[in-house]
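Make a model of the complete structure from these sequences and hints.
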Amino acid sequence: MSEFSSKTFNAKLYSVSRPNYPKSLYSYLLKYHQLKNTQRSSSPSFLIDVGCGPGTATLQMCQHFHTNFNSMLGVDTSEVMIKQAQNNNTQYPNLSFKVAGATALSKVVPLAHSVDMITAAQCAHWFLPFGDFLKEVKKCLRPRTGTLAIWGYIDPRFVDYPELDTLLYELDRAKNQFGPFWQEPGRQILRDLLDAQKINPDIFYDIQELKYTIQDYRRDISNPANHKNSPFVLTKEMSLLDFRNYIYTWSAAHKRQQVLGDTDQIVANFFDQIFHKVPSLTMNSRVKVLWNTVYKLARAK
1 MSEFSSKTFN
11 AKLYSVSRPN
21 YPKSLYSYLL
31 KYHQLKNTQR
41 SSSPSFLIDV
51 GCGPGTATLQ
61 MCQHFHTNFN
71 SMLGVDTSEV
81 MIKQAQNNNT
91 QYPNLSFKVA
101 GATALSKVVP
111 LAHSVDMITA
121 AQCAHWFLPF
131 GDFLKEVKKC
141 LRPRTGTLAI
151 WGYIDPRFVD
161 YPELDTLLYE
171 LDRAKNQFGP
181 FWQEPGRQIL
191 RDLLDAQKIN
201 PDIFYDIQEL
211 KYTIQDYRRD
221 ISNPANHKNS
231 PFVLTKEMSL
241 LDFRNYIYTW
251 SAAHKRQQVL
261 GDTDQIVANF
271 FDQIFHKVPS
281 LTMNSRVKVL
291 WNTVYKLARA
301 K
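With the working numbering applied, the sequence shown corresponds to residues 1 to 301, in that order.
Treat the hints with care, since some could be wrong.
[As the list claims (entries may be wrong)] In silico DSSO-like pairs for lysine-lysine, Cα to Cα no more than 30 Å straight-line:
{"no.": "1", "residue 1": "K36", "residue 2": "K228"}
{"no.": "2", "residue 1": "K98", "residue 2": "K31"}
{"no.": "3", "residue 1": "K135", "residue 2": "K236"}
{"no.": "4", "residue 1": "K107", "residue 2": "K139"}
{"no.": "5", "residue 1": "K198", "residue 2": "K301"}
{"no.": "6", "residue 1": "K98", "residue 2": "K135"}
{"no.": "7", "residue 1": "K175", "residue 2": "K255"}
{"no.": "8", "residue 1": "K288", "residue 2": "K175"}
{"no.": "9", "residue 1": "K211", "residue 2": "K31"}
{"no.": "10", "residue 1": "K36", "residue 2": "K175"}
{"no.": "11", "residue 1": "K255", "residue 2": "K98"}
{"no.": "12", "residue 1": "K23", "residue 2": "K98"}
{"no.": "13", "residue 1": "K23", "residue 2": "K83"}
{"no.": "14", "residue 1": "K277", "residue 2": "K23"}
{"no.": "15", "residue 1": "K228", "residue 2": "K83"}
{"no.": "16", "residue 1": "K139", "residue 2": "K98"}
{"no.": "17", "residue 1": "K12", "residue 2": "K139"}
{"no.": "18", "residue 1": "K98", "residue 2": "K228"}
{"no.": "19", "residue 1": "K236", "residue 2": "K288"}
Hints in this document: simulated from the structure, not taken from any laboratory. Note that the structure is predicted; figures quoted are calculated from it, not measured.
Below you can see the structure in the form of structure tokens.
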């Protein structure tokens with residue numbers, strides 16, 4: 001996570017190159033939240049997005065939840081990311097951004113137990129110890145009705161080119177590529193789709209969790225009758241040039257460049273191997289990319 005705080009990290013490239021979360025995820029999240037909030041529809045409501053980065057999810061929630069929350073706040077430990085988030089917010093006066101950590105939320109909340117929803121998109125694998133984060137969330141959320149929503153994604157694959165799965169795996173994990181440059185244990189926690197980040201049933205209830213992987217997607221395509229229903233199927237149609245830009249948003253790509261200065265060569269070698277395996281592809285070819293995903297929902301007791 002320290003790479004995202006670096007002043008040399010390209011927050012703007014991160015903002016434009018990362019995938020957007022599907023509308024179905026936000027619809028499901030709002031439906032879950034409203035099940036216990038039917039009596040508070042006319043009361044002031046407050047949402048905090050933790051680890052907001054450049055505001056990707058925060059701004060999307062403003063778009064989808066603008067009639068449901070009076071006030072929204074995005075927090076992140078990275079000043080670089082917060083500055084980019086503020087620049088990205090051009091239309092929501094009820095949204096603000098502050099530099100703050102996941103275990104210091106109560107310092108930015110005016111009153112204890114006054115927050116209606118706390119979200120954490122693509123960042124919960126950094127919250128260690130995770131139990132400390134949950135305790136802080138419990139201090140902030142309204143009892144019985146306050147919602148915690150966590151989600152993440154990892155391991156992109158080209159849906160229609162399973163023969164390229166191994167190349168993508170090696171780019172991410174091989175010792176001579178980006179493998180040693182991921183910050184641990186956060187990266188492995190995310191690879192395991194947040195298995196280690198367990199929501200404590202002593203302080204939360206109505207806990208939900210669902211994973212969706214490339215294997216599920218390809219199985220669903222080949223066998224629609226047994227489709228695995230998930231509101232969080234994360235795909236993006238993009239050119240290989242766009243995918244190249246996406247690779248440069250990886251913290252490991254930034255770290256390797258800082259240490260060895262050869263990230264450009266690693267990326268060039270990766271695409272050379274792609275074009276060798278599938279000669280019909282070029283940098284302008286468009287591909288469908290899918291990421292493994294997980295979401296976890298819970299309510300404060």
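Now for the hints, and whether the structure bears them out:
Proximity of K36 to K228 is assessed by CA-CA distance (about 26 Å); at most 30 Å being required, the pair is judged to hold. Of the pairs offered as hints, the one joining K98 and K31 holds, with about 28 Å between alpha carbons and a cut-off of 30 Å not exceeded. Restraint check for K135 and K236: not satisfied, since their Cα atoms lie roughly 35 Å apart, outside the 30 Å limit. Restraint check for K107 and K139: satisfied, since their Cα atoms lie roughly 11 Å apart, inside the 30 Å limit.
A threshold of 30 Å between alpha carbons decides the hint, and for K198 with K301 the separation of about 16 Å falls inside it, so the pair holds. This hinted pair checks out: K98 and K135 have alpha carbons roughly 21 Å apart, not beyond 30 Å. Taking the CA atoms of K175 and K255, the gap is near 14 Å; set against the 30 Å cutoff, the hint holds. Between K288 and K175 the CA atoms are separated by roughly 27 Å; this keeps the pair inside 30 Å, and the hint holds.
Between K211 and K31 the CA atoms are separated by roughly 19 Å; this keeps the pair inside 30 Å, and the hint holds. About 48 Å separates the Cα atoms of K36 and K175, which puts this hinted pair outside 30 Å; it is violated. For the suggested pair K255 and K98, the alpha carbons sit about 25 Å apart, so the restraint of at most 30 Å is met. As the CA atoms of K23 and K98 are separated by approximately 26 Å, the hinted pair is consistent with the 30 Å bound.
Proximity of K23 to K83 is assessed by CA-CA distance (about 26 Å); at most 30 Å being required, the pair is judged to hold. This hinted pair does not check out: K277 and K23 have alpha carbons roughly 35 Å apart, beyond 30 Å. Straight-line distance between C-alpha atoms of K228 and K83 comes to about 39 Å, which puts the hinted pair past the 30 Å bound. Under the criterion of a C-alpha separation no larger than 30 Å, the hint pairing K139 with K98 is consistent with the structure, at around 19 Å.
Pair hint K12 plus K139 does not hold up; C-alpha atoms about 33 Å apart against a cutoff of 30 Å. A threshold of 30 Å between alpha carbons decides the hint, and for K98 with K228 the separation of about 38 Å lies outside it, so the pair is violated. Between K236 and K288 the CA atoms are separated by roughly 6 Å; this keeps the pair inside 30 Å, and the hint holds.
When the structure is compared with the earlier hints, violations turn up for hints 3, 10, 14, 15, 17, 18 and for no others.
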